[in-house]
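**Student:** So the chains spell out like this:
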Amino acid sequence: MDWSTVQLWVGALLTLMIFSFLYKDNPFYKFAEHLFVGVSAAYWMVQGFWQQIVPNLLAKLAPGSFENIIEAARGQQPELVYIIPLILGLILLTRLIPSIAWFSRWSMAFIIGYTAGSNLTRYLVSDFIKQVEKTLALPLVATHADNWLQWIMYSVSNLVVFGGVICGLIYFYFSKEHTGAFGRASRAGIWVLMVAFGASFGYTVMARISLLIGRLEFLGSWIRSFI
Amino acid sequence: MGFLEALGRLDRRWIFLLIAVSVTIPLLLQRPAPVKPSPIVRNLYTAIDALPPGSKLLLSLDYGPSTVPENDPMAHAIARHALSKDLKLYVMTIWATGPPLITNLFETVIVPGFPGKTYGEDYLNLGYKVGNQGLIQSLTSDFRNQYTQDVGWGDIAARPVGQIPMMSTIRTIKDFDFIAGIGSGQPGLKEWVQFAGDPTGTPVGGGVTAVEAPLLYPYYPTQLVGLLGGLAGAAEYEALLVENHPEFGEAAQVALIRMFPQTVAHLVIVSFVLLGNISYFAQRGRRRK
Amino acid sequence: MKRTIPILITAVVGGLLIAAYFVPAPFLASADRLIPDFFNIIAAFAFVLGGGNLLRVHLTKISRRDHEWTYSVVTVVGFLVMLLAGLLKLGTGEGGAFHWTYDLADGRLLYDALYQSVFTPCQATMFSLLAFFVASASYRAFRAKTPEATVLLIAAFVILIGRTFVGGYLTAWIPEPFSEYLHIPNLSAWIMSFPNLAGQRTIQMGIALGIISNSLRLILGIERSHLGGGD
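Protein chains in written order, with our numbering: chain A, 1 to 227; chain B, 1 to 289; chain C, 1 to 231.
For each label pair, taking beta carbons as the anchor points, the in silico distance ranges come out as:
id: 1; chain 1: B; residue 1: R144; chain 2: C; residue 2: A149; range: 50 to 60 Å
id: 2; chain 1: A; residue 1: T143; chain 2: B; residue 2: S84; range: 33 to 43 Å
id: 3; chain 1: A; residue 1: S65; chain 2: C; residue 2: F98; range: 10 to 20 Å
id: 4; chain 1: A; residue 1: S4; chain 2: C; residue 2: L88; range: 18 to 28 Å
id: 5; chain 1: B; residue 1: R9; chain 2: C; residue 2: P175; range: 43 to 53 Å
id: 6; chain 1: C; residue 1: T70; chain 2: B; residue 2: R31; range: 39 to 49 Å
id: 7; chain 1: C; residue 1: T60; chain 2: A; residue 2: N68; range: 36 to 46 Å
id: 8; chain 1: A; residue 1: G163; chain 2: B; residue 2: Q163; range: 50 to 60 Å
id: 9; chain 1: A; residue 1: K176; chain 2: B; residue 2: N244; range: 48 to 58 Å
Source of the hints: derived by calculation from the structure; they are not laboratory data.
Even glycine gets a Cβ: it sits at the ideal position worked out from N, Cα and C.
One chain only, chain A, in its complex shape (with noise of 0.2 Å):
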């Protein structure tokens, strides 16, 4: 048996572990289950030695050391501004010694604040900014159209856009009271979150089915290989 059939038999039979959960949860999902967070957690840490630790940080401090293994070190300066990132990483790992664990904070203080900065700036610009943009920017009447419907189409479609946002806006402001236009501006707005839901639903079905086709095709493959 070569090693290609080994590994595609324990991925088949790992595979029925798993979907023996369906008929009620039973000691082999829960030996796959355990089995893949440890590999997994291992995996993870595994990729962000050989990946980045190695050649984004080991490399650049003592290029010298490390040539051998990454062809980019050789005939490197070491940069030596990269104490800043070890000295961090190695002070996030004090969290595994329950008596010095406060120190991790200064390391999580400065994701903390990479994130926020970055974010800020990002969601402002994407998310914000140009989505106002975007709203106020649509002309409410078309301007042109190869026909009568498509232009009383192109009309309504921008005005869904438009209304749509404006009332799903007043739906998520509660400072004032939700009555008279401004509760039916928000109640057209619940509306429009719906019809968003529901296509958000539509399309999680479909991601889920397709999961499960990709799974039953490893498993028919499996079969094949033996009748």
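Chain A is already provided as a structure; the job is to place chains B and C on it using the hints.
**Tutor:** Then chains B and C, alone, in the frame of chain A:
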């Protein structure tokens, strides 16, 4: 207990069985579904198709085994399209689970389908780096500081980027003509728009799982050139590709074949929901009486 | 030390990135280049922390003989085998015990073999289980009880049918030019591109405002709950 009440209390394992059967039987037929491309998919196809030969396309495979059935056909179709147009294909990933998917792309699509193309001159494996959005942001200021070398392919060992012909003109992400992100979550296509496309003006397009697709529509069409939403999106792209490149044949119709069982399963689920509602309203009507 | 320094680090790092976005100064451009670079490296250490933490939790369970501790043995063994295979680049036996290749997806590595035979089937199957649960949940819970729920249901139906070829057959009888919009696949594309877009944009803008305000609170040191106790 009436029929409708029994229907309402149906053991869920019967539903599980029916779903499994409804996917398995049409899957055995291996028939491509007739698919009509939607405008959002056509836009992506047209944008890539319009790139002149020699243009640099960055393809990022940001997913893992969990969504391979949806994402792989997208990545494979875009890679086929790019190489058939003589574009330079740079493949990378910001997901740790991505590197084996790049290998699979090379083994199953590029090497057998494009024997005339050379690794390092026409396509390149840049592999994985940690950092999510941080990595994308770093690439916008200094690509070579992150990717100091490629990963290599087959007998060709990893080389410093300075020795790779395809990398001679790449300094930052702005040097690419198109970024195609294939993703299944965070980080993914959204981050490519936020951290690469919007700040640099490089066109971004790609495909995501169906779960994520509705969330990305607000970016279309100015921030996101086009979008493949789930398996159906992949199938639509394949339909366009096969229509214009019949030479790719059945190998390029993976998503189209999967759309057949997908359709049957959709119909079964719609029937379930209808039956569930009929049962609910019948019982409610009886209670009111 | 425990709170003041982290607050300062967050403020300086976040503040520099925001300033770099708006002010084209060379010093800030360097900060904008180095900070994400450092972040990427620290993030790699977080993977190590994750693995270390998992090991600690499961070894504690084993040593205490906690409920179902035997499964923790499976986790620890799986973790250690994968870790050693990857760090030492052990081979599968085809052509040597070690393969010092830079490519971790090289088929000759035991690490890659374990990815293909253990990681891939487990992850893919776990996600595919959701197909069954989503079908069952739809059957049991998806009821048109209110007008809003009915709208959701109809939108979902149009999408589910419209994204398949059956949708095309069902409405093939609709004449031009109405078919451009009422043909179910076209109607489904219209729902996605207009009402769905409006709804998603509303949510997206709300999330963006939330992220912006929370980021500001973190950078200004107003939000400190993540730091825990102590000075």
